[in-house]
Amino acid sequence: MARNKYLRIAIFTACVIAIQIITSFAGKTPYLTQLTMAGYYSLVIIGLTLLMGYTGQISLGHAGFFAIGGYLSAFLTTYNLIPYKDKLVVTWLAKTGALVMRQDLYGRDILAVQPWAACILAVLVTIAIAYVIGRPVLKLKGHYLAMATLGFGTIVYKIVLGTGLLGAADGLSDIPGFRLIPGLEVSGKAALRIQNYYIAWGLVILGVTLLTNLIHSRVGRALRSIHGAEDAANAMGVNTSQYKQNIFILSAVFAAVGGVFLTHFNGGIGPSEASIMKSVRYVAIIAIGGMANLWGALSMGTVLNFLSLRGYFGSYDDAVFGFILVVIMLLAPEGLLRTDLFRDIRKRFQHKPSQEEQSP
Amino acid sequence: MKIELIIKDSGASPEKAISFAKQLIEEDKVFAIIGPSTSGETMKIKGIAEESKMILISCAATEAIVNPVAKYVFKSPQNDSYAAIRIFEQMQTMGILKIGVLSSNTGFGKAGKEQIEKLAPQYGIQIVANEVYDKEATDLTAVVTKLKAAQVQAFINWSIEPAQAIVIKNARQIGLAVPIFQSHGFGNIQYVKAAGPAAEGVIFPAGRLLVVDTLPKDNQQKAVLVQYKKDYESRFKEDASTFGGHAYDAFMILVKAIEKAGPDKEKVRETIENMQGFIGTGGIFNFSPQDHNGLDINSFEMLTVKDGKFAVLAKQATKKKK
Amino acid sequence: MGHRTYASIPFFDGMQHIELLSQYLVAGITYGTIYAVVAIGFNIIYNATGIINFAQGEFVMLGGMTAVMLHTLLPLPLAILGAVIITMTVGALIEIVFIRWLTSPAVLRLTIITIGIAILIREIALALWGTGVKALPYFTGTAVTVISIGDVHISPQVLWVISISAVMVVILHFFFTYTLLGRQMRACASNRDAARLCGISAKNMVTLSFVLSAGIGALAGCVVSPITYVQYDSGTSLAIKGFTVAILGGLGNSMAAIAAGLILGILESFSIWVMPTAYKDVIAISILLLILFVRPSGIFGNVEASRLKEF
Chain A
22 MARNKYLRIA
32 IFTACVIAIQ
42 IITSFAGKTP
52 YLTQLTMAGY
62 YSLVIIGLTL
72 LMGYTGQISL
82 GHAGFFAIGG
92 YLSAFLTTYN
102 LIPYKDKLVV
112 TWLAKTGALV
122 MRQDLYGRDI
132 LAVQPWAACI
142 LAVLVTIAIA
152 YVIGRPVLKL
162 KGHYLAMATL
172 GFGTIVYKIV
182 LGTGLLGAAD
192 GLSDIPGFRL
202 IPGLEVSGKA
212 ALRIQNYYIA
222 WGLVILGVTL
232 LTNLIHSRVG
242 RALRSIHGAE
252 DAANAMGVNT
262 SQYKQNIFIL
272 SAVFAAVGGV
282 FLTHFNGGIG
292 PSEASIMKSV
302 RYVAIIAIGG
312 MANLWGALSM
322 GTVLNFLSLR
332 GYFGSYDDAV
342 FGFILVVIML
352 LAPEGLLRTD
362 LFRDIRKRFQ
372 HKPSQEEQSP
Chain B
3 MKIELIIKDS
13 GASPEKAISF
23 AKQLIEEDKV
33 FAIIGPSTSG
43 ETMKIKGIAE
53 ESKMILISCA
63 ATEAIVNPVA
73 KYVFKSPQND
83 SYAAIRIFEQ
93 MQTMGILKIG
103 VLSSNTGFGK
113 AGKEQIEKLA
123 PQYGIQIVAN
133 EVYDKEATDL
143 TAVVTKLKAA
153 QVQAFINWSI
163 EPAQAIVIKN
173 ARQIGLAVPI
183 FQSHGFGNIQ
193 YVKAAGPAAE
203 GVIFPAGRLL
213 VVDTLPKDNQ
223 QKAVLVQYKK
233 DYESRFKEDA
243 STFGGHAYDA
253 FMILVKAIEK
263 AGPDKEKVRE
273 TIENMQGFIG
283 TGGIFNFSPQ
293 DHNGLDINSF
303 EMLTVKDGKF
313 AVLAKQATKK
323 KK
Chain C
49 MGHRTYASIP
59 FFDGMQHIEL
69 LSQYLVAGIT
79 YGTIYAVVAI
89 GFNIIYNATG
99 IINFAQGEFV
109 MLGGMTAVML
119 HTLLPLPLAI
129 LGAVIITMTV
139 GALIEIVFIR
149 WLTSPAVLRL
159 TIITIGIAIL
169 IREIALALWG
179 TGVKALPYFT
189 GTAVTVISIG
199 DVHISPQVLW
209 VISISAVMVV
219 ILHFFFTYTL
229 LGRQMRACAS
239 NRDAARLCGI
249 SAKNMVTLSF
259 VLSAGIGALA
269 GCVVSPITYV
279 QYDSGTSLAI
289 KGFTVAILGG
299 LGNSMAAIAA
309 GLILGILESF
319 SIWVMPTAYK
329 DVIAISILLL
339 ILFVRPSGIF
349 GNVEASRLKE
359 F
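Chains as they are written, first to last, in the working numbering: chain A, 22 to 381; chain B, 3 to 324; chain C, 49 to 359.
Derived from the structure by calculation, the hints contain no laboratory data. All clues given are correct.
In the DSS-like style, the derived pairs of lysine-lysine whose C-alpha atoms are separated by at most 27 angstroms in a straight line are:
1) B:K308 <-> B:K224
2) A:K162 <-> C:K251
3) B:K10 <-> B:K73
4) B:K10 <-> A:K210
5) B:K267 <-> A:K210
6) A:K210 <-> A:K49
7) B:K4 <-> B:K258
8) B:K31 <-> A:K49
9) A:K210 <-> B:K55
10) B:K219 <-> B:K258
11) B:K219 <-> B:K231
12) B:K73 <-> B:K31
13) B:K73 <-> A:K210
14) A:K49 <-> B:K55
15) A:K210 <-> B:K31
16) B:K262 <-> B:K231
17) B:K4 <-> B:K231
18) A:K49 <-> B:K267
19) B:K232 <-> B:K219
20) B:K195 <-> B:K224
21) B:K73 <-> B:K262
22) B:K10 <-> A:K49
23) B:K4 <-> B:K55
24) B:K4 <-> B:K232
25) B:K120 <-> A:K106
26) B:K269 <-> A:K210
27) B:K262 <-> B:K224
Some, not all, of what chain A presents toward chain C, calculated at C-beta under 8 angstroms:
28) G163
29) Y165
30) A169
31) G172
32) T175
33) V301
Keep in mind that this is a model prediction, so the values were computed, not measured. Ideal Cβ placement from N, Cα and C applies to all residues, glycine included.
Only chain A is shown next, with the shape it has when bound in the complex (with noise of 0.2 angstroms):
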């Protein structure tokens, strides 16, 4: 069993490596940079995949979360901080070692937050959100739940559009590389796209063995137990409210690191982010690939993600999602990626035998 679990995770580190090698090869390395921003937006899919396969619970919102970490991250490493020189809380931050004096694109000195230390206060700020505002929307069900998340994406949304300190409706740019270890970084330059792609492809990885670990565990069980009949689980001791508390964050964590790191890879972060199209998107993808199965997310949604990015889907790319979600939904509901997937279908359209043929 335990072997069983890790071997899939070596079968797909393994498919990550080939990838880049065959790209390599292939001469098409560029592809690299839309597989690694498929892989960012895939973290959200695994902490989304948590939570709506696993906990049953829907979020219409998450892209919320991805452009809270993002747009954090972004802020933080280039508002600069020169005129507050003499504050408080700058010469505090200062001697944390949080912040760096540096050049911008155009040459002028910057005094901004290190990429790590934003990185660790958007996180943060995320837990914060999500568990304030994951108490009272998880007491809600079905509709109520969905248009709850809907909501919280939307007020994320609206606000980045609306503030100007977050560039309003252009939202922000020349964002800084964020430098993990020395030889390390993440950033857009294109001599470092290989070793962005394994830190990109890295992340998943180790987000999936986390989940893989999860759910077989203790709390695993647990979550099935809410997932499939809340009530009976509450009345066993499962502490349900808690665990779909926890799951909430978790999710939530996920999301933002994808941001912050997605965000330093592009350079840059704009409102469209936020929007609720990214978030039908982020959920048709988990329904494409199988609410609780998470390969079949995965590579739906890396595949999804990287003809989107590179432009095959043209001015249609809204529809092609909405094209899936509403097919999906009607034929295929438990996604698609499935052995027994064919027979579902058959089943659906066969005509069903009269009470006659059926007796023996």
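Fit chains B and C to the given chain A structure using the hints.
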């Protein structure tokens, strides 16, 4: 010369703009990039273009695109600051001192708002009401009521959405009879049609494309504009607007440079940078190493709406000689 | 045109405030009526099926756009009638193609399908009509005619919106209370199996609910288009405001939806007085979240009954 066009629709989404820019630069290995049309996207790929030494002629208007100057990055639309200055000069001749400012929460609206706020004090004009509305707003009565309460002598609206037609309607409906100024985003006849009688008398700066029929024969831009309007309207069966003109200008500038310097990227870049007197739909371009836009305040004409059609404003502020 | 500066006359200071307040109030009632109509559309489908139809906003958009298209060929009243009929057909088609043949589906799954349908309708509208804005001509007068009471000005179109919405509500009330078909729908909504035992075709009632919702949405779209214009993406924000109002009043309760719509509209309108307009939409969403967290059954909803509802 044969030019192959690769079109990518980034849908005003910065992450797509970044992804497409990288694709075009590294994989398709294009000669130059024209676009994108929003400031947010352009700012995201400005760095990428400069680093990759890729000629980028943007169709977005924000000044930050060419200020600070990046060697390979140009833009074809006029600076918003000139539009704002023309408006303020006009207000001075009309004796207007207290105004209201409305803008939409888009890149276009934000850019205009910033220029207006920055330049108003220089013309002795005080902004007594300053509101940003959502781009999808469908009724702005409450907002213009606020303007009325602030007793503005005129107001400026800066947006490219239907809101710019809605806001002037709402203003007239509640009896706010002051002069209304719009941005060059109003230069699209569908909004005039939509606003009906409310559009009468609205004043706005715009490229001369909109009033090409009334231009005097000796106007330098007339020939180019007439040809562009004819070609556009016969091909696409819709009214030509200044926004399409920006893309046209960007393209023609590139073509002219390639004709002059041959398919050598560095030489073409230098040629564009030193191009003088190029007649485009947006104005007459005079580039320089410090000016990667090339248009000055005279590229804007002050227009108004008369009997449902665009017309040059009769009593204009006297244009300052260059 | 004379715009007297009241501030210079001390006696009229208070007057000016009242007139400003009234102007905001009228604006609020205008927005509110539109939201209320969308919310009633939500409620009709919700009552019949338990689904929240995210495509409700698209019905409004379709009504407006189709009417404008038909108006180039037909006189205004016929264009509106045609648009309403066409949109009703679309509503019926949606139900038949996407919803009808599913056997006991989870309600949430259906709601997600309606999100997808809303996106598809929007993209089809984009392909058909492009990005331009369209509007029907004002029913009476023009864009600048107003009815003035003191210093408060109302466009006659606003009165059209309010009166047509009122008439729709009265007709619906009459329909549900006194006609056989209406009572059948209510029976279905309250207990599907019992209704079927009485010979009511539940499936047809569901189709009818979609047809009705589409119809009132389309009519609302037509009557409001001179004021707000329609474009291919007008439906989305309307849908969000619409179901905020529906939930505010209590899902399924159309009378409450009217009150809730007016409340939201007026709150939004007055918010502009004190807050930057950019955050106006945040008001609606904050109210939504507040209601969901504190009292999901809505202001006028029955707390006990909503807890018992199955999803």
